[in-house]
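Trainee: The primary structure of each chain is shown beneath.
Protein chains: 4
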Amino acid sequence: MAEKPVCVVVGVGPGNGESLVRIFAQKGYQVAALARNLDRLTHLVSEIDGVAAYACDATNPGEVDQVFSEISRDLGPVETLLYNAGSGTWGGLMDVSEEDLKRAWKVNTMGLFLTARSVLPAMVEAGVGNIGVTGATASLRGKPTTTAFAQAKGAQRLLAQSIAREYGPEGIHVFYFILDGVVDLPATRKMMSEQPDDFFLKPDAIAASVYAICQQPPSAWTFEFDLRPFGENW
Amino acid sequence: MAEKPVCVVVGVGPGNGESLVRIFAQKGYQVAALARNLDRLTHLVSEIDGVAAYACDATNPGEVDQVFSEISRDLGPVETLLYNAGSGTWGGLMDVSEEDLKRAWKVNTMGLFLTARSVLPAMVEAGVGNIGVTGATASLRGKPTTTAFAQAKGAQRLLAQSIAREYGPEGIHVFYFILDGVVDLPATRKMMSEQPDDFFLKPDAIAASVYAICQQPPSAWTFEFDLRPFGENW
Amino acid sequence: MAEKPVCVVVGVGPGNGESLVRIFAQKGYQVAALARNLDRLTHLVSEIDGVAAYACDATNPGEVDQVFSEISRDLGPVETLLYNAGSGTWGGLMDVSEEDLKRAWKVNTMGLFLTARSVLPAMVEAGVGNIGVTGATASLRGKPTTTAFAQAKGAQRLLAQSIAREYGPEGIHVFYFILDGVVDLPATRKMMSEQPDDFFLKPDAIAASVYAICQQPPSAWTFEFDLRPFGENW
Amino acid sequence: MAEKPVCVVVGVGPGNGESLVRIFAQKGYQVAALARNLDRLTHLVSEIDGVAAYACDATNPGEVDQVFSEISRDLGPVETLLYNAGSGTWGGLMDVSEEDLKRAWKVNTMGLFLTARSVLPAMVEAGVGNIGVTGATASLRGKPTTTAFAQAKGAQRLLAQSIAREYGPEGIHVFYFILDGVVDLPATRKMMSEQPDDFFLKPDAIAASVYAICQQPPSAWTFEFDLRPFGENW
Chain Y
1 MAEKPVCVVV GVGPGNGESL VRIFAQKGYQ VAALARNLDR LTHLVSEIDG VAAYACDATN
61 PGEVDQVFSE ISRDLGPVET LLYNAGSGTW GGLMDVSEED LKRAWKVNTM GLFLTARSVL
121 PAMVEAGVGN IGVTGATASL RGKPTTTAFA QAKGAQRLLA QSIAREYGPE GIHVFYFILD
181 GVVDLPATRK MMSEQPDDFF LKPDAIAASV YAICQQPPSA WTFEFDLRPF GENW
Chain F
1 MAEKPVCVVV GVGPGNGESL VRIFAQKGYQ VAALARNLDR LTHLVSEIDG VAAYACDATN
61 PGEVDQVFSE ISRDLGPVET LLYNAGSGTW GGLMDVSEED LKRAWKVNTM GLFLTARSVL
121 PAMVEAGVGN IGVTGATASL RGKPTTTAFA QAKGAQRLLA QSIAREYGPE GIHVFYFILD
181 GVVDLPATRK MMSEQPDDFF LKPDAIAASV YAICQQPPSA WTFEFDLRPF GENW
Chain V
1 MAEKPVCVVV GVGPGNGESL VRIFAQKGYQ VAALARNLDR LTHLVSEIDG VAAYACDATN
61 PGEVDQVFSE ISRDLGPVET LLYNAGSGTW GGLMDVSEED LKRAWKVNTM GLFLTARSVL
121 PAMVEAGVGN IGVTGATASL RGKPTTTAFA QAKGAQRLLA QSIAREYGPE GIHVFYFILD
181 GVVDLPATRK MMSEQPDDFF LKPDAIAASV YAICQQPPSA WTFEFDLRPF GENW
Chain C
1 MAEKPVCVVV GVGPGNGESL VRIFAQKGYQ VAALARNLDR LTHLVSEIDG VAAYACDATN
61 PGEVDQVFSE ISRDLGPVET LLYNAGSGTW GGLMDVSEED LKRAWKVNTM GLFLTARSVL
121 PAMVEAGVGN IGVTGATASL RGKPTTTAFA QAKGAQRLLA QSIAREYGPE GIHVFYFILD
181 GVVDLPATRK MMSEQPDDFF LKPDAIAASV YAICQQPPSA WTFEFDLRPF GENW
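Residue numbers (this note's numbering), protein chains in the order written: chain Y, 1 to 234; chain F, 1 to 234; chain V, 1 to 234; chain C, 1 to 234.
Honestly, the hints are just simulated from the structure, not real lab data. Honestly, I wouldn't trust all of these hints.
[As the list claims (entries may be wrong)] Chain V side only, calculated, beta carbon under 7 Å to chain C, not exhaustive: (1) 23; (2) 101; (3) 146; (4) 150.
[Unchecked claim] No farther apart than 20 Å at their CA atoms in a straight line, the calculated lysine to aspartate or glutamate pairs in the EDC-like style are these: (5) 143(V) x 100(C); (6) 102(Y) x 63(F); (7) 143(C) x 170(V); (8) 143(F) x 170(Y); (9) 102(V) x 57(C); (10) 102(F) x 99(Y); (11) 27(F) x 63(F); (12) 102(V) x 65(C); (13) 143(V) x 99(Y); (14) 102(V) x 100(C); (15) 102(C) x 100(V); (16) 143(Y) x 232(V); (17) 102(F) x 63(Y); (18) 102(Y) x 98(F); (19) 102(C) x 170(V); (20) 143(Y) x 63(F); (21) 102(F) x 57(Y); (22) 102(C) x 65(V); (23) 102(C) x 99(V); (24) 102(F) x 98(Y); (25) 143(C) x 232(F).
Keep in mind it's a predicted model, so treat the numbers as computed, not measured. All residues carry an ideal CB built from backbone N, CA and C; glycine is no exception.
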């Protein structure tokens with residue numbers, strides 16, 4: 001293929017999003033980096049070759065349709081979609097509002113639905129494609145502080161499973177990686193300044209595994225894998 | 001206690017909802033039966049002693065607040081909440097709309113959040129209470145036909161877990177029962193008219209187990225249990 | 001039925017075993033209480049009507065065959081088998097021996113296999129029967145201190161599942177209950193004397209739930225349920 | 001490091017074992033290939049550079065001790081242990097014998113225990129090491145035909161988890177990969193000759209993923225991942 005394959009990373013901020021953009025660009029992809037706010041992306045575009053930035057609220061159907069049309073037109077059909085948007089308010093049942101639950105669900109689950117729907121027809125036509133989703137241990141269990149977050153991640157994980165089972169036979173590899181630990185970010189470093197360096201999940205290490213999973217041949221695909229720092233108490 | 005304990009069943013229609021209403025009324029509860037449409041409830045009120053009917057859309061915060069205030073005023077504080085609302089459009093990723101995903105999530109997850117939030121303060125004050133939620137195998141895995149439904153049930157299950165872990169130590173017993181099979185309803189009988197009687201999950205049998213779980217002493221509570229017909233292939 | 005139904009409890013000691021014997025005797029069963037050592041059983045036989053004691057090492061095929069033949073001859077065909085034998089040495093990989101692993105596996109898994117095999121033909125002939133197995137959270141996950149125990153409980157749980165799926169359609173109800181907490185025993189009370197009374201899982205409460213699950217009609221059977229004290233951190 | 005790192009593959013036969021030997025040899029490892037029967041290994045030794053063959057019954061403590069001592073002496077301390085031994089008799093409860101259960105447990109679980117115990121002290125001293133275990137979907141659920149196999153794989157999976165949690169903080173990466181599908185072997189091809197080529201899990205594809213997981217930096221380790229052919233119905 002003369003053309004570079006296209007990878008879209010949804011939810012690019014400092015951390016996993018940036019590392020995913022970097023590694024796919026290094027490996028020869030043309031990368032579309034999406035965030036709600038373009039400001040977060042400008043330094044990536046200037047620092048890394050092969051990165052284009054798009055402002056997009058992944059929970060807004062109209063925006064998603066429009067931005068993914070632009071990407072197709074600008075870069076070509078999407079080969080790999082990495083859905084990394086996802087957040088949630090911490091707190092117990094009385095600490096979170098119905099808006100908190102809804103927002104968490106929309107950014108984790110509805111956004112995955114909308115973006116997957118945008119890329120799947122072209123992937124099916126090509127008979128090839130990857131959709132990787134950033135998960136969390138909260139996708140497996142609800143705790144008192146994850147009233148809003150766990151329900152959203154649980155929904156996201158099962159949506160990813162439904163898509164994986166439906167589109168696997170079409171040649172599309174859908175996978176879900178469960179981060180179990182604290183990601184190394186300026187914010188988490190500040191909050192947990194007493195922790196040693198190796199306490200943290202490094203975004204570049206996460207991104208390297210995501211890239212490796214995308215390389216699996218169709219004969220042996222992984223749907224789900226966990227990632228945690230070696231010292232994590234799990 | 002001179003007063004009858006109060007049980008609220010949310011999502012009463014033919015099937016599990018009706019059976020839950022019946023058994024709790026028989027066992028001496030004052031039962032509030034909720035459905036979006038009062039028409040579905042009038043025969044229950046006239047047939048069974050100790051049942052009051054309320055129209056309520058469980059996904060509407062204002063309605064939930066108002067109806068649960070009425071229930072408290074009419075019947076007293078709620079001791080047992082049974083959340084039985086839940087549905088979802090069948091189909092693959094391209095067959096369901098964002099509205100289908102949202103509706104399924106709202107009725108399964110947001111409704112549980114809103115109604116649990118309405119009853120928990122009085123339960124905590126009393127130091128006792130039950131919240132039971134009607135689950136499904138789709139809460140554990142996503143299949144190609146459950147794009148909308150599985151994400152909603154997965155979210156619901158983890159929300160129930162979060163509440164169970166937060167409010168267990170306060171004396172509130174939260175549990176989730178996973179129906180694995182086809183519930184015996186006029187509609188399913190019609191669709192699967194070739195199936196023998198014992199193919200179906202009987203609503204009265206489900207309700208009997210729900211009632212038994214509500215009787216567990218705090219020393220040995222169940223959070224999750226499955227229910228399936230003996231012949232089910234699982 | 002003029003004859004009392006027969007219940008066999010395997011692994012009777014202070015705690016769950018005794019409580020299971022008591023409740024099934026109270027409810028009208030003829031109960032066969034099995035332990036490796038008859039001394040543990042004599043007080044039960046003298047205190048409770050309808051209890052017969054048998055010495056049996058459940059991991060010894062010859063003994064199991066012989067004792068279950070005696071039970072059939074003495075009391076009639078077994079309607080309910082409760083497999084409560086199970087133990088395991090605590091410790092890390094270097095702390096436990098191959099004998100510890102083997103012993104834990106034999107008492108939890110091989111014993112279930114041998115005793116289930118002894119009762120199933122008569123149950124199949126009758127078209128009815130219950131097999132309940134005492135599980136533990138260790139059946140779901142291995143921790144550093146459960147090197148010997150978790151592998152044994154994990155094996156036991158999947159063996160129970162295999163039997164449940166094979167014999168459900170024959171009318172035999174197989175279930176597994178997962179104890180998540182510290183059972184109230186003289187030994188655990190002594191070791192954890194600082195804990196309040198309600199910290200412990202009470203054997204009578206466990207036995208009551210086991211009995212209730214045995215009453216489920218074939219239309220809605222539970223395979224697995226958890227039991228934990230209300231204050232447990234899970 | 002001037003010396004080649006040492007990888008031991010336990011349970012080498014046609015299929016996954018051979019492919020693991022090949023890829024680790026290609027990547028620069030000195031590989032010790034173990035099987036009960038040396039005959040199975042001679043062609044590998046002659047075909048591939050860097051492979052040494054050892055006869056070893058992994059369920060025999062004395063043999064394991066002796067063979068792993070030889071390996072250390074011959075090749076140096078083991079950096080990577082791949083436990084690929086594992087089999088089980090198919091059949092329902094009445095079709096399998098206690099010997100079938102025991103043999104399956106010994107080869108899947110006891111053998112992992114014995115070989116892990118042989119390599120861990122040197123790994124801990126080095127502060128680095130990998131232990132990978134070949135799992136199966138049967139490690140997650142018991143079916144009517146897996147009475148002997150599922151209990152053994154369930155035990156093996158939880159043993160691997162216990163070791164992973166205990167030795168992760170020491171720098172040892174333990175992981176479990178769940179094969180969900182039919183592995184491409186002469187025997188399975190013959191039995192399922194009507195299936196297309198892409199129906200099968202290819203051993204080389206499995207081995208490539210195992211190798212990739214061994215490369216993960218300690219900041220982001222995977223314990224468990226599944227592998228299945230793209231068209232698998234799961």
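Trainee: So which hints don't hold here, by number, going up?
Mentor: 1, 5, 11, 13, 19 and 20
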